[in-house]
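Engineer: Next come the chains, spelled out residue by residue.
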Amino acid sequence: MMKSKPLPADPMIRQLIRQAQNAQMGRRTLLAGAGAGATALALAACSSGTAAKPTAAADTSANDKTIRWDNWALYIDVDDAGNYPTVDAFKAQTGLSVKYTEAVDDNNSYYGKVKDQLALGQDIGADAVCLTDWMVSRMIRFGYTQKLDHANIPNLANLLPSLQDVDFDPGRAMSVPWQGGFAGLAWNKEKYPQGLTSVEDLWVPELKGRVGVLSEMRDTMGLIMLDQGVDISGKWGEKEFTAAIDEFKKQVSDGQIRNIKGNSYKEDLANEDTLAAIVWSGDIVQLNAENGDKWGFVVPEKGGTLWNDNFVVPIGSPGKKNVEELINYYYDPAVAAEVAAYVNYITPVVGAKEAMMAIDPTLAEDPLIFPDDATLAKAHVFRGLDGTEEQTFNAQFQAILLGAA
Amino acid sequence: MAFAAFSSTTAPSTDPVARRRSPVALFLLLPGILYLVLFFLTPLVSLLLTSFQAPREFGDIGQYDYAFRWQNYVEVVTTYWPHIVRSFSYALAATFFALLISYPLAYFIGVKARKWPLLQSLMLVLVIAPFFISFLLRTLAWKQLFADESFVVQSLKALSLLGPEAHVTGTAFSVIFGLTYNFIPFMTLPLYTTLERLDVRYLEAGSDLYASPFQVFQKVTIPLSMPGIVAGTLLTFIPAAGDYINAGRDFLGGTGTQMMGNVIEANFLVLQNYPSAAALSIILMTVILVIVSIYVKRSGTEELL
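First to last, the protein sequences are chains U and H. Under our numbering, the first residue of the first sequence is numbered 1, with each subsequent residue one higher. Under our numbering, the first residue of the second sequence is numbered 1, with each subsequent residue one higher.
Treat the hints with care, as some may be off.
[Claimed, not checked] In silico SDA-like pairs for lysine to any residue, Cα to Cα no more than 25 Å straight-line:
hint, chain 1, residue 1, chain 2, residue 2
1, U, Lys-266, H, Asp-148
2, U, Lys-261, H, Val-152
3, U, Lys-115, H, Leu-44
4, U, Lys-147, U, Leu-160
5, H, Lys-157, U, Gly-255
6, U, Lys-113, H, Ile-282
[Stated by the list, open to error] To be clear about the criterion: a stretch of chain H counts as covered by chain U if any three or more of its residues have a C-beta under 8 Å from a C-beta of chain U, and this derived list gives those stretches:
hint, segment
7, 78-87
8, 195-202
[Stated by the list, open to error] The following residues of chain H were derived to be distant from chain U, with all beta-carbon distances above 12 Å:
hint, residue
9, Phe-68
10, Trp-116
11, Pro-117
12, Pro-130
13, Phe-135
14, Leu-140
15, Ala-205
16, Leu-209
17, Pro-223
18, Gly-242
19, Phe-251
Hint data in this document are derived by calculation from the structure and do not stem from the laboratory. Where is the CB? At the ideal position from N, CA and C, for every residue including glycine.
Could you build the full structure based on these sequences and the hints that come with them?
Structural biologist: Put into structure tokens, the structure is as follows:
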């Protein structure tokens, strides 16, 4: 799909040659006739080889005027002809063209596709990709991202103060937020007019079997933990997580929670299998726009989660400098407002609200797109997990999703 | 022809051409062999090696090293045995229902409709027609049809066939239904091809010898259509056992209906636990292989393979 680039020396070929040199024994066995096993070993060794961190590719931004940008669906402004107005304006302004691809539909499956190339420091066919906090955290831990030169991104000064320093990326050296959102509670206003104010309201008998939660661990567990009085950004550990997972397990096995889904939870809200749910704010804005203001949304009193999708430059990309220019462009408040007017998520750019006033004053007043201080005070970021925690917590959460706990 | 194919009295082929080793034949086989080595054997060996990997000491998520950790197999079986059992029972149920629905259908198209070739072609097109729409879309459509507020479920509730709090999506019923529905064409087509060649004179001969219609069916039609039954059940059972779409939580399943495919997917994509995913895949493959070999041996249709 991506335009192939004339690389000076393909790292894949280099790797293969090196492997062939190291694997004299394997080659003799191969010649002796047991080819399959050796080939498999060689291929497998390619994929999960060394523990050493890969090194960043040489930057050829000056010669290559194309930025390949992988992003989620419906996550940028689109006009009726299918063009991206802000991307086109960027090209007119800088001469850099952007190959924008809706290549990400799930953090895990995107990561699964590119991780072997990342581990070898190869080009994954994208110079910029927007992924969620926790996935960015993992990629930074593994050394799969390039260090950004803030001198090339002067507009980064417009980044919301609360997002300038995150635990997985101090000082935003490697990642810059693209859009963010809340996880909170939504309910069907026609079928369940009494509404919700806290996570505990989901566990009432009237909603038995009609409750949905997100398959994203940090949002579902984050909301339950907040409800149990845990500060999810602070120092909590195994004990707090286990208490929340016990509650979650009980609600699933009692049949109170029926649907645990990723993006497809919107279908359940639309067909009314789910009457009350843990959801992402931006989806509710869009669903209400399509179905006539049918759902209510609230960030629970005890708190909701706040997440961001962040730009990162994959380790093998030769176009980091161009990407920095792209990020700088999108941190112009006027441009950020243009994007926010379309995608309905939270923009991390200070001044976008004022710029939005000129485009659409009603959107500028929408607390889900430009949250007020009271809402922001209730939103918490799930703290970064280390490798061991990520494994054990994920395993416990997935066990419930698979009905194996 | 069909009769000769499974009859045990037929002598094994002694065609001299088939026995001669020809370099040309080997050469022609080369692309196929290379393809199999590269895209079947290599991944299989890689999968087997992965299934014995051990977690790296102080490693991060998804970091494993080559080892011989056979305990991986013990762990996945003790953790996921309900999913293993569920996979095979759902697949078995779906195969049974698909056969129950497909056999009369294939019989009608292949035997009864012979007099009207146009009707025959039309019905065949109808069997194949669902393939023109993506399998995922059709499954999602069923999810909508079975939604709590849908006409189907509301009617069943009005008739008290379903309790007021009952639901259809996310239950074993909807998953088996989805599997059956999605694999009916795979069952019908092989059945049709054998039944289409069924020589009705054998049936007439059966009746002439005072066999009741049931006896004719049991003693003549079923044995004659055995190759189709075996092919159809295999084409249904094998993919159904490994299916993860119908049982997926995003489609017709729920947390209580997850099959092996879903467990493998979660271990592979979300948990990055490649050894467990690989061990489960190997187990799935081995169990299917054993079941299929026994089945084919018992039904006396080895020639099919």
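Engineer: It remains to establish, for every hint, whether it holds in the given structure.
Structural biologist: We went through each hint and held it up to the structure:
1. Lys-266(U) / Asp-148(H): 15 Å, holds
2. Lys-261(U) / Val-152(H): With Cα atoms ~23 Å apart, Lys-261(U) and Val-152(H) stay inside 25 Å; holds.
3. Lys-115(U) / Leu-44(H): 21 Å, holds
4. Lys-147(U) / Leu-160(U): Holds. Lys-147(U) to Leu-160(U) sits at ~20 Å (cutoff 25 Å).
5. Lys-157(H) / Gly-255(U): 19 Å, holds
6. Lys-113(U) / Ile-282(H): 22 Å, holds
7. 78-87: holds (count 4)
8. 195-202: violated (count 0)
9. Phe-68: Its Cβ never comes within 12 Å of chain U, the nearest being 14 Å, so this holds.
10. Trp-116: 41 Å, holds
11. Pro-117: Label holds. Min Cβ-Cβ 43 Å, cutoff 12 Å.
12. Pro-130: Answer for Pro-130(H): holds, closest chain U Cβ roughly 21 Å.
13. Phe-135: 16 Å, holds
14. Leu-140: 8 Å, violated
15. Ala-205: 52 Å, holds
16. Leu-209: 55 Å, holds
17. Pro-223: 41 Å, holds
18. Gly-242: 16 Å, holds
19. Phe-251: Violated, because the least Cβ-Cβ distance between Phe-251(H) and chain U comes to about 9 Å, which does not exceed 12 Å.
Figure legend: structure checked against the earlier numbered hints; hints not met, in rising order: 8, 14 and 19.
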